[in-house]
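S.K.: The primary structure of each chain is shown beneath.
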Amino acid sequence: MWKYIVGRLVWIPFLLIAVAFITFILGRFGPGDPVEVMMGTKYNPVVAERIRSEMGLDKPVMVQFYKYIQSASKGDFGESFRFRGRSVSSLIAPKMIVSAKLSLVALLISISIGLPLGFYIAHKQGTWIDPLIVSFSVFFMSIPIMITIPFLLWIGCLKTNLVPCSGWGGIFDSRIIIPALAMGIPGVAGMLRIMRATTLDVLGQDYIRTAQSKGLHYFTVSTRHVFRNSIIPIVTILAFSLAGLLGGAFITETIMGIPGIGRFSVESIFNRDYPVIMAITLIGATAFVIANLMADISYSIIDPRIRYK
Amino acid sequence: MWICKNKLLFKVIFSSLLLIFLISCSSDSGEKNVDQFTNTSEKVLSEKKNNNNIVSAGKQLNVLYSDPPTLDPHRAQDSTSAGIILEIYSGLVSLDTNLQIIPDIAESWAISNDGMKYTFKLRDNAKFHNGKKITSADFVWSFNRAANPATTSITAEDYLGDIVGVQDVIDGKTDKISGIKLIDELTLEINIDSPKAYFLAKLTYPVSFVLDSENVKNKNWTDSPNGSGPFMLDEYLIGEKLLLKRNPDWYREPAKIEYVSMNLAGGQAMAMYENGEIDLTGVGMADLERVLDPSSDLNKDVVIAPLSFSQYYIGFNVQKPPFDDKYFRQALAHAINKELIANEVLSGMVKPAYGILPPGFPGYDKTIDGLKFNEQLAKDMLAKSKYSNINDLPRLILSVPGTGGSAGLDIEVIIEMWKQTLGIEVEIQQVEWATFLQMLNRQELQFFSGLGWIADYPDPENFLDINFHSTKSTNHNGYKNEEVDKLLESARIEQDLNNRMQMYNNAERIIVDEAPWIPLWFPGDRYVLINQRVKNYKLTPMSVPKYSLVEIVD
Amino acid sequence: MNKNITQSKGHFMTALSRLFRKKIAVVCIAILIIIYFSGIFAFLIAPYEYTAQDYSNIKKPPSIEHWMGTDRAGRDVFSRVLWGVQNTVIITFVAILTGSIFIGVGLGLISGYRGGRVDSLIMRIGEISSSFPDILLVIILAATLRPRILGFIRYLEDAYNINGLVKTGIVDYLVISLALVSFGWIGTARLMRAQVLSIKQNQYIDSAKSIGASTSRILFLHLMPNAISPLVVSITMGMGALVGTEIILSWLGLGVQPPRPSLGRMLLEGGSISVLREEPWLLIGPGIVVFLLIICWNLLGDSLSDVLNPRTR
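In the order they appear, the protein sequences are chains P, R and E.
So the first sequence is numbered by the numbering used here: it starts at 175 and just counts up by one.
So the second sequence is numbered by the numbering used here: it starts at 634 and just counts up by one.
So the third sequence is numbered by the numbering used here: it starts at 40 and just counts up by one.
Hints should not be assumed to be uniformly reliable.
Some but not every residue of chain R turned toward chain E, in silico, with C-beta under 8 Å [claimed, not checked]:
(1) Q901
(2) G917
(3) E972
(4) L973
(5) E977
(6) V978
(7) G981
(8) I1057
(9) I1061
Only pairs whose alpha carbons sit at most 30 Å apart, straight line, appear in this in silico DSBU-like list of lysine-lysine [as the list claims (entries may be wrong)]:
(10) K177/P <-> K239/E
(11) K878/R <-> K248/P
(12) K333/P <-> K61/E
(13) K233/P <-> K760/R
(14) K760/R <-> K333/P
(15) K239/E <-> K333/P
(16) K1105/R <-> K233/P
(17) K248/P <-> K933/R
(18) K99/E <-> K984/R
(19) K765/R <-> K750/R
(20) K275/P <-> K1019/R
(21) K241/P <-> K1168/R
(22) K933/R <-> K239/E
(23) K233/P <-> K984/R
(24) K953/R <-> K850/R
(25) K99/E <-> K1052/R
(26) K750/R <-> K692/R
(27) K760/R <-> K953/R
(28) K1019/R <-> K1113/R
Just so you know, these hints were derived from the structure itself, not from any lab.
Built from N, CA and C at the ideal position, the CB exists for glycine as well.
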């Protein structure tokens, strides 16, 4: 087990360097140039050359890459090309926190609706309630977010004036309601399915029947077992939604005017802000790898039948 | 400066979603308050501190804005940054609401008879935000900094390049601009290389603003800039909010409102306006009918904005076939029914353009009315061109910058018009902005649209010379006409205003007729909503300092 | 051996008949077939050209002539939706076929069957490609690849005198599919690998080997039939997500090029409160089609997983 974890951890730096290299190469050899974007169409080759050398973009690619990796490994992601003079970390850190908060609230919505509902309908298997609720959750999952948000805004902000139309004020601000709902409701279907499946699984087990026959309260028994069994997939989902937080919410962030990382990363690509793109990709990849590892480890801890060599 | 048209159209059409790629277009912001204010400053010269009773204490103007790429005036080159910089910093001269050059820190100036030596007299009450007095030494230092290659200014060449010795500093040969002389504490002399009438207008651009050398030494100094403008930067959270606070000791008439709060996060502008979150917004096409309906609540807030000093066009690379043939270009121009598109498809949000200079721009001549819609003429021109057999035409690829949004409904309609009138098939190629720029700069695009030119200062030179003189790197059309070149060159140094405008008009006439580009629209948010509580918010066709005149009543 | 095949066929037929007993699944299949067919045959069904402009009919609400109304250029929204569906159909199919089925299944089988270095190489590459924030990678690829591929196709057209290749939108399909495939294969590959690993333990594989069956024969005759049901489920489930991704790409301007209509761009243009209030049909038409596409794939995936995976029943 420990050997397995160490093996995975040792692999991470190599993976990250590979990810960084691919991003770097795609950026440098793809069309488009940060200096030209900066200058708009007021391009003057002489000025551009001057600024390029000032930014170190005139050096050979491998030298640039080596330098980048060197400083990135020390946690220094350099300066943004677009917001000149600002360090990448000072730019993206607050945005990541904003996105994390939003995802967290959205996730809470998914969980608090999905889990009880899934538990409930598992007991109603065979009746019309089960397929109806499942279909409803899929229904909500399938509405494209570009439609949900204007619709929610129309109702919540213009018709009833319940919440401001856009902006951001943290978790305890009414402005989080619409984006969190728009992102959280589609997630209900996933949670509901997991809960339904694990509950059905548990209900089919002999020990439930035994416990019942021994006179134990049915509800306590089933919830305890269901909880134990459903926690693995839920932990996995949590870990991955943490990693997928980058880029995932950019439509919501754009429409709702939320200063999150998703929108920022998309803008950065279009502006060829390489240092920012690199940092976001690297952080995203790290988060993903760690989430993966955590999921695997938690599998084996929670369910001893799973062993890693 | 250039703007990505796609974005504007995008905005015009869906004003709500537009904030996405604003910056990618390094363009005019989603906020169409292309306008301003002014203080007719001469009158205001007297000490205005006792004027504080006018101030509506704590009053705040709320606007939607987008992230400025930089707040360093010497590095800025986009109007999003400029819109904020103009409020925080100031320079020798400024523009008023009528786009006339007015004294700012310089209270007066004298121009030598040969038109090459400018002597500025600074006011003696001009101070930075921290109270430090502004002297000519500060200006000398600021000009030197702007030109220094370490500053990596993009605009220094264009805006300061006329000053003797600036090029040497940019090239790193020296760090002192030889043409700028400090005469005494409040007197500054600037020598330029030839008598250029538009030089003073260039000094209104941020790259010639004054900075405090002590302030600039600090790391991340733009987070707490010690400027000299009517507002101070109070709070800046990237992507969230920018708060400007009134500078009570401004040397001109201080602002009448306490704060300007800029929402940088974006969102659905129209909904935010209706919800009272912002005080002004442009009206998108989808809302136009509702807003113009006299029974609507919003109707009383509608203000008609002047057209901005910009133009959208279809540009041809006249070096590449088939656009090397004037008749072919004219045929395409005659086949476009601009009136129909402007009025029906774009709901009257734009004005069809037939000349290059926008209405109201210095040198605008309404008798220039270009190549009008005429199907027969279009066919005749095509027949006259060497590409009269359209089957032998090379492939036609119209490139538009595209990041988020459609290629522009107008372009799709125009292509359909070409197909129906002339039988010419055109492919649209939507190119992501960064790639588009690169191809444009290398003149790799056969013809392109989705770009607009916005004037940086109100002088025809900034429209005609910069886009059509054969030696300019901003001439993306490969257009070269010796007569036009000659006219533009002599207009640069012509001292007599009427003669000068006459030269520009003659050049413009030739350009319009030869059609290296087809002018399409003079855009602008024709309709702007301004909350009733906001008074004296002037809409102008260019970015100029504007917030200090605004008043808020309740 | 033969018995095995018939058995799996039987398994399949029972699954199929069980599927058809589910009303939701049947409805979804019917809707999907209708949408896909009308997309593929848009050139026959669409009442108008997607570029046909009618300036006397601008922004008209739905009527007999224009079932979904008209847009700002007086174009028929219904026809544009049909053509938009065609793009979605092509892109989802290409991405699924090449990404999930061809590359994913192939690499998964090889990885699971060969094991050792080949296995770890494939899985490592998969890990790298899946650890990219996927939507970012798609954007980077789409932005950087398009000009190259476009240039190449134009060169082909000119060199071999072929006409209209670019007009068919092939470039966009290639770019988008490539971008989607680049991270889309890994899920299927993992799934196949896991299946192969578990089936490999079974005795009949050993016995097949012992009688001298070749590797490919073993793979396809024995492993495929057993691994196919989870594969079908995962692909069906993935289709809905893929439709969504394609729409996000168009939303960003990286999808199919105008004047070809695309569902994502139509949603973008209609997706504001203002449009919802004034010209709701601009959003409702394409919105409903996108919604139906996604929901039917999702519900079908659900039903399939119920049918093919009896444990969760």
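S.K.: Take the hints in turn and mark each one as holding or not.
M.R.: These are the hints, each one checked on the structure:
no.	hint	result
1	Q901	6 Å, holds
2	G917	6 Å, holds
3	E972	11 Å, violated
4	L973	6 Å, holds
5	E977	5 Å, holds
6	V978	5 Å, holds
7	G981	12 Å, violated
8	I1057	14 Å, violated
9	I1061	5 Å, holds
10	K177/P <-> K239/E	26 Å, holds
11	K878/R <-> K248/P	39 Å, violated
12	K333/P <-> K61/E	40 Å, violated
13	K233/P <-> K760/R	43 Å, violated
14	K760/R <-> K333/P	49 Å, violated
15	K239/E <-> K333/P	61 Å, violated
16	K1105/R <-> K233/P	28 Å, holds
17	K248/P <-> K933/R	59 Å, violated
18	K99/E <-> K984/R	24 Å, holds
19	K765/R <-> K750/R	28 Å, holds
20	K275/P <-> K1019/R	64 Å, violated
21	K241/P <-> K1168/R	55 Å, violated
22	K933/R <-> K239/E	77 Å, violated
23	K233/P <-> K984/R	48 Å, violated
24	K953/R <-> K850/R	50 Å, violated
25	K99/E <-> K1052/R	24 Å, holds
26	K750/R <-> K692/R	44 Å, violated
27	K760/R <-> K953/R	55 Å, violated
28	K1019/R <-> K1113/R	20 Å, holds
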